[in-house]
Structures are given as structure tokens and as C-alpha cells.
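First to last, the sequence lines map onto chains A and B. Per the working numbering, the first sequence runs over residues 1 to 204. Per the working numbering, the second sequence runs over residues 1 to 224.
Rather than coming from a laboratory, the hints here were simulated on the basis of the structure. The beta carbon of each residue, even a glycine, is placed where N, CA and C say it ideally should be.
Where chain A lies over chain B, by a calculated footprint (3+ residues, C-beta under 8 Å): (1) 66–72; (2) 76–90; (3) 184–197.
Some chain B residues close to chain A (C-beta under 10 Å, calculated; not the full set): (4) T35; (5) K63; (6) H94; (7) Y97; (8) K98; (9) G155; (10) Q162.
For reference, the chains in residue letters:
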Amino acid sequence: MNLDTLRDKLGYQPLLLGIVALLASGALAVVSDATAPAIAAAEAKDLRDSLSDVLPAGLADNDFLKDTVELDRDGKTVTIYRARQGEALKAVLFKVAERGYSGEIQVLMAVDMDGRTLGVRVLKHTETPGLGDKIEIRKDNWVLSFNGKSLLDPTPERWGVKKDNGVFDQFAGATITPRAVVKAVKGGLEFFAAHKAEITGQAA
Amino acid sequence: MSDIQYGRIIKDGLWEQNVVFAQMLALCPLMAVTTSGTNGLGMGLASTAVLVCANVLVSLIRKVVSAQVRIPVFIVLIATLVTIVDLAMNAWLHELYKVLGLFIALIVVNCAILGRSESFAVKNGVAASAVDGLAMGLGFTGALVLLGLVREFLGAGTLFAQASQLLGPSFAFLEVQVPGYGGALLMILPPGAFAALGFLLAGKRIIDRKLAEREATSAEPAAA
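Construct the entire structure; sequences and hints are all you get.
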């Protein structure tokens, strides 16, 4: 039987498609299996690196990736990482998100036990390059202006960008982006204040 | 098979049939990633790798695949290759993946890859297909880098910003910053991509015409 005549038979084509799909999924299964541990390790390292970015060095000596508590916030699960020194809880780290100018801005923040921010970093955003992306630490030091701020300092009505009579700078040509980040951080602090007992584990 | 003109294939890929400047294919990833020369380079190299692998595979199975189902077969092959590249980079080149990760999945929808499978690899041998994939890929990379550099230079006043993240610290010398130039934001935004591409296309036309004129004038005395 010659390949050329076989190729035009009706049964040949579904068989060929099936074999190709089978081989492709087999190859993918093998590769996915082989890469899974390395990908998990790399992602855990990424998370550790970004958590370490917002946490001042030397503040914690525990593996805070493992010391977590999960809380519900507006229907979404928030994972809270707890940084301890010995037994004493020093700070908690968690992610907050807010709608920016074009899509969601994800912010990672660290809060100490007095409700002061220790550090804020923008993890992911799709703001306008050149205008809104000054919220990234690579582009601008702006996010450092949150360090040491709490719900009492500045007072709640001053938690805004300067255009809204607040204390935080906006960027020329981009107000919505920093406004969203300020709102996200403020929301995070309020979330921490409202759930402090559960977060620290004292309620349990 | 000795009549395959590798020089011809390479010249087609790099210039005459350039994916972007002549065939006008793959404009979607082109517009999306060329906000800097570095992004363009990374996307170009990843696409080249997939293009070469896809061409070789398609060429290998070209006698088995029947014409009626060739397109789904090629699409499955290309998607599988891209997913494998995506997973492998995420696992073993994680730093690079963080820069390029977003763009890797875009390679699947790069019609240039299916285009080369369809128009070249399915009719030619493995070696010729590999060379064609490489030449087309490098031509695409060149276009991405060129457009990326133009947009980056006009838009942000830099050249190859963050190249050391992609290629390693030893390539930091590539990074250039024009002092005292804030940049024109428009060029970084999508309209800037269309404007810059338009001028580059016009530039290629002018060069092609000049080349044709020179050929015509040099051919005349020989004919006389």
C-alpha cells in the first residue's frame, strides 16, 4: 500500500489528527512533569524575594512563607504571611489590589504591629508606560513615601494624593494611578486594623 | 537536493521576503513588544527558536500529513512547541522568563510561523527548512530590534534599556541613555508603533528602489 493513496483515504485523516494530538499531549505531560519542581521552586523564591523587599532586613528570623493565615476579604482569599522574631510577631505581609487607570494594580505591603506600613511594592500593573509606571520601584522612589505611614499619620482625610488635599505626590499627567495605589494601601491598613485579632491569632 | 540555494533562502529571510517589512506578517506581536530594543531582541530570539523547530518538525512529517488536515496538525505542533519553550524557560531560565514570559505565549498566534510551515517547510527538506526558519527568524528579530530601538530612542531617550537583564551583566555596555531628554510618550504607545513602522516600511521601499536603479545602470553597459 502506497502512502500517496493511503493519505487520501477518509479514515487516515482522523487517525493522523488523533496520533498527532496524542503525541503532543504526551510530550507536554512529560515536559510539565519534568519542569514542575523547578517552576515551583523558582516561584517560591520570587515570592520570598518580593516579601523580603518590603520587610526591613533583620526584622524576622522565621520562615514566613510557611507561617500564614488566610482571611476572606470581600469574597477573595487573602494570604497573610507572618514575620516573627522568636515567638514575637513583628509584622505581617499581604497583597492588596485596586483598579488603576488600565486594569488592576497589585500591591504587596508589610505592616507592623502598630499598624504602620514598613514597606510597599507594586507587584503587577498595566499602567501607561512613562506616566503611570513611576509606581514601580525600578522607575521611581515614590512607593517609599508610604514607609512609616499609618491610619493616624496622616489622618484619614489626608490619605490621598496632593490633588485631593492629601500628603502623597501624584505624577505629572497621571493622577489616577497613584490615587489607586494610595487607596489600595489605605484599604490594606484598614483591613489589618479590622482583623488584627484574627491575623495575630489571638482570637483563636 | 543539491539545487537548493541556501544563499537565496537566507537573502529572502533577511531582506527580500522579510516577515515584517515585506510580508507584513506578525504585526500583532510586533506592535505589542517593541517598546524597547531589548524586548524586541528577546521576543525575536524566542520566535526564531520556535520557528526553526516548527520548520524542522513540519518538514520531517511533510510526507505523512495529508493536505486536508495539515493546518490543525501544524497548529497543534506549534502550540506544543511554544508551551514546551514556555515551561522550560519558566523552570530553568526564570530571570529571563520574568522579562519575556508575557510574550512567549504570543508566539503561538504569530502567523509567520504557520506561514513558513505552510509555504516552505511542507515543500522542502529538513536542512533547507531549518535554514529558512533561521533566516526568517533572524529577519523578524532584526525588524523587532530596529522598531524597538526607534521607538525606545524617540519615546524614552534610551537604547537597549535593561539589556543586562536579558543577556547578562556583561552586556550592560549596550545600554545608552540620552542625557536631558525626557522622551515623547506617544512613541511608546501603540500609535507610535504604527507611525514608526510606517516610516521604516517607506525606508525599505526607498532602499529597494535605489538598489534596483543601481542594478539597472550597471547592467546597461554590460549589455551594450
